[in-house]
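Please build the complex by placing chain B on the supplied structure of chain A, with the hints as guidance.
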Amino acid sequence: MISTRIAARLGLLLVLLAALPACQTTRRDEVMMSQKGAVELRAMQSRAFDTPDRYKTIRAIVATLQDLGYTIDKVETGAGTVSATKLTALRLTASVYPRGSTQTIVRSNALVRVQQQQQQNQVDDPEFYQKYFFEPLSKALFLTALQVEDGVDVPPESIQAEPVQKAATN
Amino acid sequence: MIKKFSSAVLLGGMLLGAVPLVGCMNANEFAKKIGQPPQGAVEMRSLQTRRFESLDEHALLSAAQQTLQDLGFTISEASADAGVLAGSKQRDATESGQIAGQVALTVVMALLGSAHTPTWDKEQTINVTLTATPIQNSKQTEIRVSFDRHMLNNHGHLWRAELLMDEKIYQEFFDKFAQGAFLEAQKI
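Protein chains in written order, with this note's numbering: chain A, -14 to 155; chain B, 216 to 403.
Pulled out of the complex, with its shape left as it was, chain A reads as follows (with noise of 0.2 Å):
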């Protein structure tokens, strides 16, 4: 009898311990990363697109976002990115690289705070970047959105890092 009211302490108390983690996030600036694998998370934020034109599938990205009620922080042709806002709450942060001499990667990431004062989680649903980004992206483009098989997807002319010889004695 008396272990089971013990028991049901020890119940209790992993009830209240569970309560305290549940939405208990510290630190503001943390980002909460995703808990799926390299592999899945790339098929889901990447697609490649017909063009080989980097100029053109970032205006439609800007476009897109733009349409889709973002902010545009930030541009930057050269390196291929665009980040953008929305409702202070939203993070996205796009991508473009080629791929071979006719197609275009693009790959988009987004964090989102769900309360003002809690940390920045990654998006991790294929469902979101699907239709709220791709989709209505490809019709800017007026390309279809290809997934992206693996292994394919491997930046052309990769470079192989190499260690760094130190210098000859003498």
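Everything labelled a hint here was simulated from the structure, so no lab data went into it.
Please note: incorrect hints may appear among the correct ones.
Stated by the list, open to error - Here are the simulated DSS-like pairs of lysine-lysine, each with C-alpha atoms no more than 27 Å apart in a straight line:
id	chain 1	residue 1	chain 2	residue 2
1	A	Lys124	A	Lys41
2	A	Lys116	A	Lys21
3	A	Lys59	B	Lys247
4	B	Lys247	A	Lys124
5	B	Lys304	A	Lys59
Claimed, not checked - Derived, one-sided and incomplete: chain B residues facing chain A with beta-carbon distance under 7 Å:
id	residue
6	Ile249
7	Ser294
8	Ala295
As the list claims (entries may be wrong) - Pairwise CB distance ranges (calculated):
id	chain 1	residue 1	chain 2	residue 2	range
9	B	Glu258	A	Lys116	47 to 57 Å
10	A	Thr36	B	Thr321	31 to 41 Å
11	A	Arg(-10)	B	His370	22 to 32 Å
12	B	Glu377	A	Tyr40	25 to 35 Å
13	A	Asp14	B	Asn241	17 to 27 Å
14	A	Glu147	B	Gln351	19 to 29 Å
15	A	Lys116	B	Thr334	48 to 58 Å
16	A	Glu120	B	Ser353	40 to 50 Å
17	B	Glu310	A	Asp38	46 to 56 Å
18	A	Phe127	B	Val323	17 to 27 Å
19	A	Leu131	B	Glu268	35 to 45 Å
Just so we're clear, the structure is a prediction, and the values are computed from it rather than from any experiment.
From the three backbone atoms N, C-alpha and C, an ideal C-beta is built for every residue, glycine too.
Only chain B this time, still in chain A's reference frame:
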């Protein structure tokens, strides 16, 4: 005894799983809610867009920059390659009526024996994004401008963020802009 013990732990475990669900709104769900196209996206587009008889995108962008500066915006981002300008301005959003209302409410609540923290709009930030797009197979360039704002209350917390849908704001911008660019804006 063991059965009771394990069922108690099981109950605790179930609650343990349930509590975080109630405690927090799912980030993905929230992102999908916010990420949706704004209501009235079509009207908004026509409100925010004008076409100009010019192919000189850079001249239009610099005219736009001057118009935004005239309106008190600070330019935070400009990319001629992408045809983008972005900026913001802060403005005091305090309204005496709102403060009076909040103070009156605090007094009434205090009389009823309850504490109410008076809260009112303190400061608002207006963001602007402007894009220039040449129209294919024509001699026109499309300018789209969009404004949004967020309000901080007197406790320094964000409590309202919205896209500006007021037609007057956009009309005023394009009137000023057309004067600056010596161009007649065409509604689309």
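Contradicted hints - numbers only: 8, 9, 10, 11, 14, 15, 16 and 18
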